[in-house]
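*Asks:* Sequence:
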Amino acid sequence: MSAANEDEIIKRKLLIDGDGIGDDRRINIMLRSFLKWCSSNEETEEEQNINYERILLMLTNCEHAMAKSQEVLLMNKLEVQNYEELYGKIEKGIEEAQQRIALCKADLQRAKVIRRNKQEYDMLAKIILEHPDRKESLKRLSLLEDEIKKLQQIKEELNRKVEKRRKQFQVLLTSAYELQLMLQEEENNILDNLDQQSYGVEESKQPLINQETVNNECESMDISA
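Residue 224, in numbering that gives the first Met the number 0, is where the sequence shown stops; the numbers in between run on with no holes.
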């Protein structure tokens with residue numbers, strides 16, 4: 000492959016990818032100039048020397064940039080090392096601070112226990128001082144027992160009233176059911192007479208209140224009682 004073809008390939012690559020930035024751009028420009036200088040046959044010797052010096056200058060700039068990059072890389076490594084040392088110091092300081100915090104927490108916990116014990120002691124002492132004597136306690140206990148007996152009597156009286164109302168309600172429902180059956184029977188007789196005279200016999204209607212309803216109502220009264 001001739002130098003002209005290589006230069007053409009590089010030109011196409013540069014048109015597609017661009018010259019880049021920074022060191023990449025500088026190297027691409029130098030390489031393009033070098034290939035152009037190598038493939039040029041129409042330039043005079045003076046022009047070739049000028050282009051040669053220009054290429055050397057570009058190469059020097061690239062070497063300078065590379066040396067600068069190496070210095071920057073070295074400085075970065077030193078900075079990383081300094082940061083690692085600083086990180087170690089900070090980590091050690093954090094561990095020491097955590098140990099001090101743990102000791103302070105233990106002291107604080109002991110102080111809380113002492114304070115709580117003191118408060119409980121003061122509270123018990125106050126209760127003991129305010130507690131009535133045995134005679135007063137027995138008197139209050141007797142009053143409470145009398146009150147409990149009265150409440151028990153009231154409860155029994157209420158239960159008797161509820162049972163009485165339940166039985167009355169059951170009787171009322173039974174009477175209503177029987178009355179409903181009587182009315183339904185009379186209505187059925189009237190309808191039968193009318194149907195026999197005009198349209199014939201139809202099916203009788205169901206009673207509005209049945210024995211199952213009465214039983215359910217009674218059971219609900221038992222549960223509520």
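Derived by calculation from the structure, the hints in this document are not laboratory data.
Here the structure is a predicted model, which means the values were calculated and not measured.
A few of these clues could be false.
What follows is a set of in silico ranges between Cβ atoms, one per label pair, in the way DEER data are often shown [what the hints assert, rightly or not]:
1) Ile113 x Gly87: 38 to 48 angstroms
2) His63 x Ser39: 43 to 53 angstroms
3) Gly92 x Ala66: 36 to 46 angstroms
Built from N, CA and C at the ideal position, the CB exists for glycine as well.
*Asks:* Please flag the earlier hints that this structure goes against, numbers listed from lowest up.
*Replies:* Failing hint: just 2.
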